[in-house]
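Sequences and hints are given; from them, build the entire structure.
Protein chains: 2
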Amino acid sequence: MKLLKDTVSGIRGIEWALSADTQKRLDSLTKPLGSLGRLEDLAKQVVEITKNKNPKLKDKVIFTMAGDHGVAVDGVSAFPQEVTPQMVYNFLKGGAGINVLARHAGARVVVVDMGVACDLKAASGLVVKKVGFGTKNIAKGPAMSKEDAVKSIENGIEVFEDEFKKGIDIAGTGDMGIGNTTPSSAIVAAVTGRKVEDVTGRGTGIDDEALAGKISAVKKALAVNRADPKDGIDVLSKLGGFEIGGLAGVILAAASHRVPVVIDGFISGAAALVAYILEPKTKDYMIAAHCSVEQGHKAALSFMGLKPLLDLSLRLGEGTGAALAMHIVEAGTRILNEMATFGSAGVSERHSD
Amino acid sequence: MKLLKDTVSGIRGIEWALSADTQKRLDSLTKPLGSLGRLEDLAKQVVEITKNKNPKLKDKVIFTMAGDHGVAVDGVSAFPQEVTPQMVYNFLKGGAGINVLARHAGARVVVVDMGVACDLKAASGLVVKKVGFGTKNIAKGPAMSKEDAVKSIENGIEVFEDEFKKGIDIAGTGDMGIGNTTPSSAIVAAVTGRKVEDVTGRGTGIDDEALAGKISAVKKALAVNRADPKDGIDVLSKLGGFEIGGLAGVILAAASHRVPVVIDGFISGAAALVAYILEPKTKDYMIAAHCSVEQGHKAALSFMGLKPLLDLSLRLGEGTGAALAMHIVEAGTRILNEMATFGSAGVSERHSD
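Residue numbers (my numbering), protein chains in the order written: chain G, 406 to 758; chain U, 406 to 758.
Keep in mind the hints are simulated off the structure, nothing from the lab.
There are no misleading hints in this set.
Identical copies look the same in the list; a pair holds intra-copy or inter-copy alike.
Derived pair list, reagent style SDA-like, types lysine to any residue, alpha-carbon separation capped at 25 Å: (1) K635 / Q700; (2) K429 / H509; (3) K429 / D446; (4) K458 / G500.
Dropping the structure here:
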C-alpha cells in the first residue's frame with residue numbers, strides 16, 4: 406500500500422501557469438490565431454504536464470497489459486480464453502495490431518502479464534507481474550481481494566518506474582484479456598451511474614443472445630458486489646481485472662512523474678476511471694486517444710471531462726488507438742518547437758482590428 | 406484542353422473487385438472482425454485504387470499551391486495580400502505548419518506558384534506555374550477566362566506528372582492564398598445549392614462586420630456570374646482561383662494514375678468539387694483528411710459523399726490536415742501488410758456462431 410500511497414501523494418495538480426505564455430508563442434507562429442485547433446491545445450497540455458517549454462516526445466512507450474477474467478466462463482466473449490496467452494506471444498513476436506501501429510508511431514511496446522490464467526513461457530521482452538491466474542467471476546462475487554487490487558495497481562506502478570529509468574516522454578495504455586469488456590462495463594456503470602444497457606457493448610463481436618447474457622452478467626456483478634463508486638480500490642477489487650489495475654497504476658505513475666499518458670479505448674478508460682477516483686488530479690495528465698465503438702467508453706470519458714482525439718470506429722484495444730493518437734500529440738509539440746514566427750519568417754501579421 | 410481531356414478520359418471507375426478478398430485477408434489477421442474500423446476501410450480503398458494487394462505508401466507528396474484573389478480588396482480576409490508570397494517563401498524555407506507536419510508524416514512538399522499577384526524570387530524548390538497575377542474580383546465578374554481555368558487545371562496536372570516521375574504512392578492537397586475561403590464558399594454554394602450564410606465562415610479569423618461583408622461578396626459573386634453547377638470549367642472560371650484550379654488538376658491527375666489523394670480542408674474541398682464535376686469517378690480516389698472549422702467544408706464533403714477522417718478543429722489549410730491524415734491512411738496499409746494471421750501466430754479463432 407505504501408507505493409500506491411506515495412505515488413498518489415506525489416501527483417500534483419497542473420497549475421496551467423504556462424498556458425498563456427505558450428499560447429502567446431503559438432500566436433507568434435506563421436498561421437492565423439488558433440488555426441491549428443486541438444494541436445495547439447495538445448502543445449499547451451504537454452508543456453504544462455512536463456513543465457518544459459519545448460517538450461520533445463522522443464521516447465514513446467505503450468504499456469500493453471494482459472489478464473484473464475473469471476466471468477469469461479459465462480460466454481461473454483466471442484473468443485475462447487486461450488486467446489489471451491496466445492495474443493501475448495503474438496505481441497512478443499511483433500505480429501499484433503499494437504506492434505504494427507507502435508512501429509508506425511515510433512513507440513516501443515512493453516508487454517506485461519498482470520494475470521493471465523496460465524503460466525506463460527519465459528520470453529524475451531515479457532514482463533511478468535502476475536497477481537493471479539485470472540480473476541474470479543464478478544457475476545458471483547468480488548473479482549479479487551482488496552490486497553490483490555492494491556498489488557495490481559502497485560505492480561503497474563513498478564512496471565512504469567522500471568521503464569521510466571530507460572526514458573519515457575509520453576506513455577500509452579493498452580490491454581489484452583478475453584472477456585475484459587465485461588468488467589469494464591461493470592466499472593463504468595458503477596462509477597458513472599449509467600444504465601448497464603447503455604454501457605455494455607458487443608466487445609469482440611458477440612451476437613444478440615450473448616449480449617443479453619453479458620448485460621445480465623454485468624447487472625449481477627453490480628448487485629452482488631455493491632461497489633462504492635467513490636472508492637477506487639473497492640471498485641477495482643469487486644469489478645475489475647488485474648490488467649485494469651495494472652493500467653491504473655501506469656496512469657498514476659505517469660502523472661506522478663509528469664509524463665503525459667494517452668488513454669486507449671474502453672478497457673483503458675475503465676482503468677483511467679479507477680485512477681481518477683483514487684486521485685482526480687490524474688485527469689490533467691490524460692489524453693483520450695479515441696472514441697471506441699464500445700458505447701460505455703463515451704460515458705467513461707465524459708465522466709472525467711475528456712474529449713477523444715480520434716473517432717475511427719476502433720474496438721481492438723491493445724493500445725492501438727493510443728499509438729495512432731501519439732502521432733497527433735507529437736504533431737502538436739513539433740508545431741510549437743519547429744514552426745517559424747512571423748518575425749523570423751518576415752511574414753506580415755494580421756490587420757489590427 | 407487536350408491534356409485535361411486526356412487526363413479525365415484516363416480516369417477509370419473503381420471496380421471494388423478486390424475488396425472482398427482484402428476483407429477476407431483483414432479478417433484472417435489476429436484481431437476481432439472489423440475491429441480496426443476505418444483503418445480497414447482505408448486499406449481496402451488503397452488496394453482498390455492501386456490495384457496492389459500489398460500497397461506500400463512510401464513516397465508521400467503534398468502539393469501546396471498558392472494564388473491570389475481579386476476579391477481580397479473587399480476586406481474578406483484578416484491578413485493583407487502580401488502574406489501570400491511571404492508564406493510561399495516560408496514554405497520554401499521549411500518554417501510553415503505544412504513543413505512541420507509533412508516532416509512528421511514523412512512527406513515531401515511541392516510548393517507551386519499558380520497565380521501569386523507578384524513575381525516571386527527564383528528559389529530552390531519553387532515550381533512556377535503562374536496562370537496570372539491573381540484572379541479578378543469575383544464580386545464584379547468572372548475570376549478568370551475559361552482558357553485560364555483550363556490552363557490552371559492543366560498546370561496542376563503537369564505538376565503532378567513531373568512529381569509522379571520521381572515517385573508518388575500517395576498525394577495530398579494544400580493551398581495558400583489570402584482571401585481564398587471566399588471563392589471556395591462561392592464554389593460550394595454554387596455547386597451544392599446551399600445558402601451562402603451556411604457555407605461562409607470566418608476564414609483566417611474575421612470579425613462579425615467583415616463576415617457580413619464576405620457573405621455579401623459571395624452573394625454578389627453568385628448573382629453576377631451565374632455559374633453552371635454542372636460545368637466544372639464554368640464554375641472554376643467564374644468563381645475560382647488559380648490554386649483551386651491547380652489542385653483540381655492534381656486530384657484529376659492522381660485519379661488518372663490510380664494514386665490515392667488526400668483532400669485537405671475547405672479550399673481543397675472546393676477544388677475537389679471542381680474535379681468531381683468534371684469526372685465523378687474521381688471521388689473514389691479521394692480520402693477526406695479532416696473536417697475543417699469552416700462550415701462550408703462539410704457541405705462540400707457531404708455533396709461528394711466523403712466522410713472525413715479527423716476532426717481536430719483545424720482551419721489552416723496548406724495541406725496540414727492532409728499530412729496528419731496520411732499517417733492514418735498508412736496505418737491502414739501497414740495493418741494489412743504487417744499483421745500476423747491467426748494461423749501464423751497460432752491464435753485460436755472465434756467461437757463458431
